[in-house]
Structures are given as structure tokens and as C-alpha cells.
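Here is how the chains run, residue by residue.
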Amino acid sequence: MFREEAAKLTGAMVRVIGNFDIAEEVVQDSLLAALEKWPEQGIPDRPGAWLMTTARRRAIDLLRRDQRYAEKVALLERSALPADAPEVDDRLRLIFTCCHPALAQEAQVALTLRAVAGFTTREIAAAFLVSERTMAQRIVRAKRKIVEANIPYRMPQGAELVPRVDAVLAVLYLMFNEGYLSRGPDVAARRDLAQDALWLASLTARLLPDQPEVLGLVALMKLHLARARARFDAAGEMVLLPEQDRSLWDEAAIAEAVEVLRRAAGMNMPGPYQLQAAIAAVHSEARSWVATDWAQIVVLYDALLRLSDTPVVRLNRAVALSHVRGPQVALGEVNDLAISLGGYHLFHATRAELLEELGETALARESRLRALELCQNPAERSLLMRKLGS
Amino acid sequence: MKYVLLFGGTMEPEERAKNPEMAAAYERIGRWFEEYGRAGKIVGGHELKGPHTATTVRFKDGTAMVTDGPFIESKEVIGGYAEVEVADLDEALEIAKTWPGQTSVEVRPVVGDA
Chain A
646 MFREEAAKLT GAMVRVIGNF DIAEEVVQDS LLAALEKWPE QGIPDRPGAW
696 LMTTARRRAI DLLRRDQRYA EKVALLERSA LPADAPEVDD RLRLIFTCCH
746 PALAQEAQVA LTLRAVAGFT TREIAAAFLV SERTMAQRIV RAKRKIVEAN
796 IPYRMPQGAE LVPRVDAVLA VLYLMFNEGY LSRGPDVAAR RDLAQDALWL
846 ASLTARLLPD QPEVLGLVAL MKLHLARARA RFDAAGEMVL LPEQDRSLWD
896 EAAIAEAVEV LRRAAGMNMP GPYQLQAAIA AVHSEARSWV ATDWAQIVVL
946 YDALLRLSDT PVVRLNRAVA LSHVRGPQVA LGEVNDLAIS LGGYHLFHAT
996 RAELLEELGE TALARESRLR ALELCQNPAE RSLLMRKLGS
Chain B
-2 MKYVLLFGGT MEPEERAKNP EMAAAYERIG RWFEEYGRAG KIVGGHELKG
48 PHTATTVRFK DGTAMVTDGP FIESKEVIGG YAEVEVADLD EALEIAKTWP
98 GQTSVEVRPV VGDA
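Chains A and B are the protein sequences, given in the same order.
The numbering of the first sequence is the working numbering, which starts it at 646 and goes up by one.
The numbering of the second sequence is the working numbering, which starts it at -2 and goes up by one.
Hints are computed from structural coordinates only; laboratory data are not their basis.
Warning: the hint list may mix true and false statements.
Straight-line Cα separation of at most 30 angstroms, DSS-like style, residue types lysine-lysine; simulated pairs [what the hints assert, rightly or not]: (1) K790/A to K94/B; (2) K38/B to K57/B; (3) K15/B to K(-1)/B; (4) K94/B to K717/A; (5) K15/B to K1032/A; (6) K94/B to K15/B; (7) K790/A to K15/B; (8) K(-1)/B to K46/B; (9) K15/B to K57/B; (10) K717/A to K653/A; (11) K72/B to K790/A; (12) K94/B to K(-1)/B; (13) K653/A to K790/A; (14) K72/B to K57/B; (15) K72/B to K15/B.
One chain only, chain A, in its complex shape (with noise of 0.2 angstroms):
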């Protein structure tokens, strides 16, 4: 539910009193409040008015003491706050800010998921693994440079828009990997970072709809999801996606980002988010790993390379390109990236698969042993270990 107002009520106050920092401050304060308050006195009739009054009478008592702002609070004092522009624009305006490109990226999650989606500094550090000091110092700088630096509350405009809207993207892409990636079965009691980063994506959609890469985005996102049940077996291991039990996939929200996929395809602007959901997308239709449509994502992943040429995206390639052309010629492209992916555990448990499939035991275990020191994740971790157990 915090996530539904808190960019309202941030854009709003943000709108209101001028200051970023303060703005923002007074909604975490509201938020604070509610999760002590309510569990004791049951949630208000209208949570929004509850913490929009909570937050204005907080803003209205930090802003007295002092005379430059004796205009805000006479305007706070009203009962009800301005409308004098959209709250839609007020919710975007806040992205865009907050997904500044003058903020370092892990500020720019941070305030996203303080000021847009609600988090408390708490849960943003749990969500990280980082320590909920260093978390609040990280937001403070953040704010200070907003202020200080003046960094806008605006739309950007004309040719800004789109490198603009892509930092936005890159920023909820790495939220949702943040949260999908990392998950484990074991995790369910915090806060899903990957749910709230869909939610972000969705958000953008509806205030920016002529923008394909966000719907792309989006897409992306819920095909991920829909395969989420079948990614951890019974006993809690990861099941990747050849082994994966198709029929644990959500066929209805397959066929909802389908739909998202299409609406985006008929802007005729495609982009690596569109690209990377339409590989997704062909995964997500197969009835089997085998009878996957191989070649189709292989057409894919070339049109992905046109746009982004990463030695990832051409380590995902080589793998489709093994169903369609042998492990042999795969092996081949994968070896060609050893420079540049030495140092990434999937470039070495890919050459592995690939190395097994060509009966090649002995440097197939060479390579997973390689992979699973370089590798942290510990589902991963677990799973590269019963490969070599076998």
C-alpha cells in the first residue's frame, strides 16, 4: 500500500515546499509513523489523507523555525494541498529526478525505492546487504547533492528524453536483478525488490505509454516472474531453465507480457529491452528446452548484438547457437570471449556444458571448478556443486 502513495505524497510535498530533501524527509517520517501506528490502532479509512495530513503537519513543523519558508507553510496550513499541476507529472517528475544521472547509480535505486516505491532505509539495506547506516548515509549524500547541486524536479525535454528514460530503465533493471537473482526460497519475509521493481516499470508505462522500451521493460520483468515458482525445487536448489517443470510457469501472466511485448513491437521502435523480452517471450512459449524455437532466438540475439555488442550478450548467443549449429561451433564463439569474461562464472559454466556435450569431461570439471570459485551467488554456488558432485 506505501508504495501506492508514497510518490504521490513525495511528488506532492516536493511540489509544495521546494526542497528534495525535505519533501522527501517528512514522507519517510509519515511512513515511519504508520508502521508504528497502525499495527496498534488498525489502518485508517483512507491511508493516503492519513499520511498526506501526517506528512504536511511534520513539514509544517520543521518549516516554521525558519523565516525563508514562512510562504510554504502558510500554503501547508491550508487543509488540502495545490493542485496545480497533475499528480501523474508530480509521480514522473520524482523519477526523473531521483534517476538523475548526476547521482551515483546506487543512489539513484536507493531514492527511487525510498521516495517512488515507499522503502524505508531499513528495507533498502536488508534488500542490499549493506548496513542500514551506510544505506542512510548513501541517501543523504544523495539529497544533499540534489539540493545543492540544484538538480532539477522536471521532465526532461526533446533529445533528453529518451537517454533519460534509458538511466530510468537501467536503473529499474537493476533493482528487479537485484531482487530476482538474489532471491532464494528462504527470502519470502522481506520485502520482493523484483515485485516492486515490476511495479516501478509499470508506473513508468502508464505515465510515459509511448515509450517501447518501457513496455519492453515491463515485459521483461513479468516473463522473468512467470517462471519464478518453477526456479527452486521442493528442497529450496535452483532449477535452471532446461530442467525447469514448465507446467509450475504462470501461462497467464506469460500471456499478459506477451501482449505488453506486442503493443510495444507495433511502435516500430525496437530496443534491447524489447529484444531481450522477445528471447523471453520464445522461451517462455516452448512446451519443452528441445522445442525451442532455437533459431528464432538466435535471430534475436543478432539483432540484440546490432544494438548492444556485449561479450554477455554474445555468451547468451553461443548458447542458442549450440541447438542450432552443434556444441563444437558454440565452444568456439564462447572461447573467443576468454579475455574479456575470464573473470564471470557463466562464461566458465557455459564452456563447461558445452565441453560435456563434446564428451570432454576432464576440462568440463576443470571449468566448473573455475566457475564456482568465481561465483558468490550461493544458489548458484549449490547447484555448480552438485554438477561436479555427479
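Got chain A; can you put chain B on it based on the hints?
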């Protein structure tokens, strides 16, 4: 709001002046200053002489000590600066992105100019 754009430079201004390709670059930079100056956006600025001309005053226990060289030892040096008067960081960044010198530009707000 006032910001200072600090332009990076790797060559001495004297060397730059001798380099024939730089003559054209200087012309572009001159036009750039003129253009933004006329628009009232650039309100001050200079090219600086090379880091070999720099002298640094440091304070140790309240005593001023004069030493040779710039105070940041690095390959990148500050080659010049411009003061701009604009609405916000985005506008300052827009100007910085058009810098014809193609060296790094650090953008900093000045104190006491909210």
C-alpha cells in the same frame, strides 16, 4: 544559479597554441564563449596557463607554506574555467555538453547562490 565549469586540459597552453590543429579548436572555443556570453549564460572565465606555472599555498599548523605545482597531482589538469548563470544543473550540463574543447568538464555550483 551560478555554476563553474572547470575544463580539463592535458597539454600546456603554449604547446596547444603551436599545434596547427589547435588553432581551429581555439577558434571554436572562442566562438563558444562569445555565443554563450551574448546569451548572458557565461558571465566570466579564463584559460589558465599550464600546471608548471602553478604555485600552491598549503597550511600546516596555521603557517602558510608555499610549494611549486598544482595541489592535485594527476595527469589531468585544469586548463580553464567558465562561470555560467543558469536555472539549474540540467542547463549547466547542457552547456558543458557543447564544450568544443572535448576535454572533461567538471560542473560545480558555487556557494551562496541558491
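Please write out, lowest number first, the hints stated earlier that are contradicted by the structure.
-> Numbers 2, 3, 4, 5, 7, 9, in rising order.
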